[in-house]
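Listed here are the chains, written in short residue letters.
2 protein chains.
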Amino acid sequence: MPERVAYFGPAGTFTEEAALRYAPQGELVPCPTIAAVAAAVVAGEAQKGVVPIENSLEGSVTDTLDLLIHQSNLFIQLELVLPIVHCLMVRPAAAQKDIEVIYSHTQALGQCREYLEEHFPRATLVASLSTAAAAEQVRKSDHPTAAAIGTARAAELYGLSVLSRGIQDNPANVTRFVVLAHTDHPPTGDDKTSLCFSFGNDRPGLLYAALGEFARRSINLAKVESRPTKQSLGEYIFLIDLHGHRDDPGIKEAIQMLRAQASVLKIFGSYPRYAASNG
Amino acid sequence: MPERVAYFGPAGTFTEEAALRYAPQGELVPCPTIAAVAAAVVAGEAQKGVVPIENSLEGSVTDTLDLLIHQSNLFIQLELVLPIVHCLMVRPAAAQKDIEVIYSHTQALGQCREYLEEHFPRATLVASLSTAAAAEQVRKSDHPTAAAIGTARAAELYGLSVLSRGIQDNPANVTRFVVLAHTDHPPTGDDKTSLCFSFGNDRPGLLYAALGEFARRSINLAKVESRPTKQSLGEYIFLIDLHGHRDDPGIKEAIQMLRAQASVLKIFGSYPRYAASNG
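Protein chains in written order, with the numbering used here: chain A, 154 to 432; chain B, 154 to 432.
The reader is advised that the hints may include incorrect statements.
For identical chains, the list gives no copy identity; a pair is met inside one copy or between any two copies.
What the hints assert, rightly or not - Here are the computed lysine to any residue pairs in the SDA-like style, where the Cα-Cα straight-line distance is at most 25 Å: (1) Lys376 - Gln249; (2) Lys376 - Gly342; (3) Lys376 - Leu359; (4) Lys405 - Leu374; (5) Lys419 - Tyr389; (6) Lys383 - Ala428; (7) Lys376 - Ala247; (8) Lys383 - Pro425; (9) Lys376 - Gln178; (10) Lys405 - Gly387; (11) Lys383 - Pro324; (12) Lys383 - Ala305; (13) Lys293 - Ala248; (14) Lys376 - Asp216; (15) Lys383 - Arg426; (16) Lys293 - Pro155; (17) Lys383 - Val182.
The set of hints was computed from the structure by calculation and includes no laboratory data. Treat the numbers as computed from the prediction; the structure is a model and nothing was measured.
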């Protein structure tokens with residue numbers, strides 16, 4: 154039986170592309186929200202869940218961070234990094250000069266801003282719930298002059314023609330996805346560990362002391378980030394990605410020391426570091 | 154002549170509310186994007202610009218952070234904190250039981266998720282570019298059964314009736330806004346300073362060492378956050394809000410030390426700390 158893999162859908166989004174890359178033979182299950190992906194794995198409707206966690210231009214996908222922090226007890230088992238290639242697509246008969254309305258997710262519209270200003274200064278930009286929803290809107294639209302920005306696969310799924318490929322302004326546009334599961338990954342020798350922690354109060358030096366536990370043991374931090382606790386403005390939860398596995402003795406010890414200082418500490422998992430050569 | 158204040162519009166958004174609070178007598182100039190607000194101030198079309206920078210639930214407004222980091226040489230002159238009160242609004246004749254479609258910005262839809270699931274489990278949720286645009290869509294819609302989520306002022310502006318007020322799931326929903334100007338603020342004795350810095354390379358202990366400059370001088374950090382450099386995944390710019398003014402001797406010294414280690418350091422400004430009692 155093929156593995157069932159839930160992903161933040163619908164079909165035709167970049168997350169579907171990541172899910173296909175992760176499980177080419179898997180049975181893919183689209184979910185309408187990031188929370189629904191986790192729920193599908195928790196409920197056993199899928200063994201794995203694929204969600205975006207970070208884009209090189211936009212930063213973190215806060216819905217995914219907040220899910221890991223507040224709601225889910227799933228682990229990160231794997232990470233994948235995919236280049237984001239935006240395409241401009243229209244109905245088969247339409248030509249570039251006819252385009253008056255362009256649909257896409259606001260993030261995709263933002264990532265193609267310079268291209269749009271140069272080529273479609275007078276077009277109306279309309280927000281969609283996802284890049285795939287934009288393609289669907291164009292397919293169903295009464296407007297023969299509508300276009301969408303999304304994946305090449307969305308064009309294929311919705312019977313649209315790609316007029317231009319790679320229209321994003323910044324070529325360094327990649328997204329990191331994570332595979333959520335009931336367990337994380339055994340050590341491979343080149344791993345990352347993600348965790349979060351917070352302090353019950355606002356004392357100044359606490360984050361500094363926490364980072365010291367890692368610095369003192371020469372543990373490389375790949376990322377330090379903060380999210381609101383959602384209780385009061387100015388209270389934060391810190392998220393750290395570090396190089397190494399949570400079973401490595403030095404990391405184990407640093408986390409133990411940190412746990413003694415923090416009011417909350419949650420390990421999201423250890424997983425193989427994605428090698429650029431794989432991409 | 155009244156002061157001209159640009160804000161991230163259109164009229165009827167929470168940012169307009171903040172701009173009105175900041176300059177009740179000012180001439181308010183709505184701008185379509187956060188970048189356009191800064192551009193209006195730089196071009197002299199407005200003396201000040203009001204933009205959102207952080208929400209207690211959603212976290213930072215990354216467009217504003219990226220503007221401060223990458224584009225603008227404006228300063229933060231003031232901060233304001235406003236409670237976010239979402240209203241459900243319809244055309245005057247419509248009743249709650251008729252509602253089939255609900256428009257709003259995706260963030261507002263997300264902030265009212267539990268309310269919507271409880272009261273409108275079957276309604277179609279449609280993304281809008283802003284809460285005010287949602288109100289306008291309802292005003293212009295052929296659907297007599299459409300509703301919007303937004304500010305009470307948007308209801309007023311677009312001739313809609315408020316059916317429910319304060320429908321956000323979490324009462325601790327406040328947004329911090331900043332006033333951008335050509336200068337920051339002289340010391341008041343209770344100030345904050347915002348700045349960012351990054352390191353040319355990825356050495357582990359650098360952030361730790363940087364934070365040490367502040368910890369060693371007992372300077373309280375209100376916030377530590379990271380944003381992508383937009384050059385390569387895994388390279389970050391760190392943003393810090395600290396308590397105190399950049400003219401305070403200890404802070405001046407810490408920033409000097411930090412500047413010697415960082416490849417980039419930019420001060421966004423010092424400004425009076427917003428007192429909760431003002432809100």
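Worksheet item: Failing hints, ascending?
Response: 1, 7, 9, 16, 17
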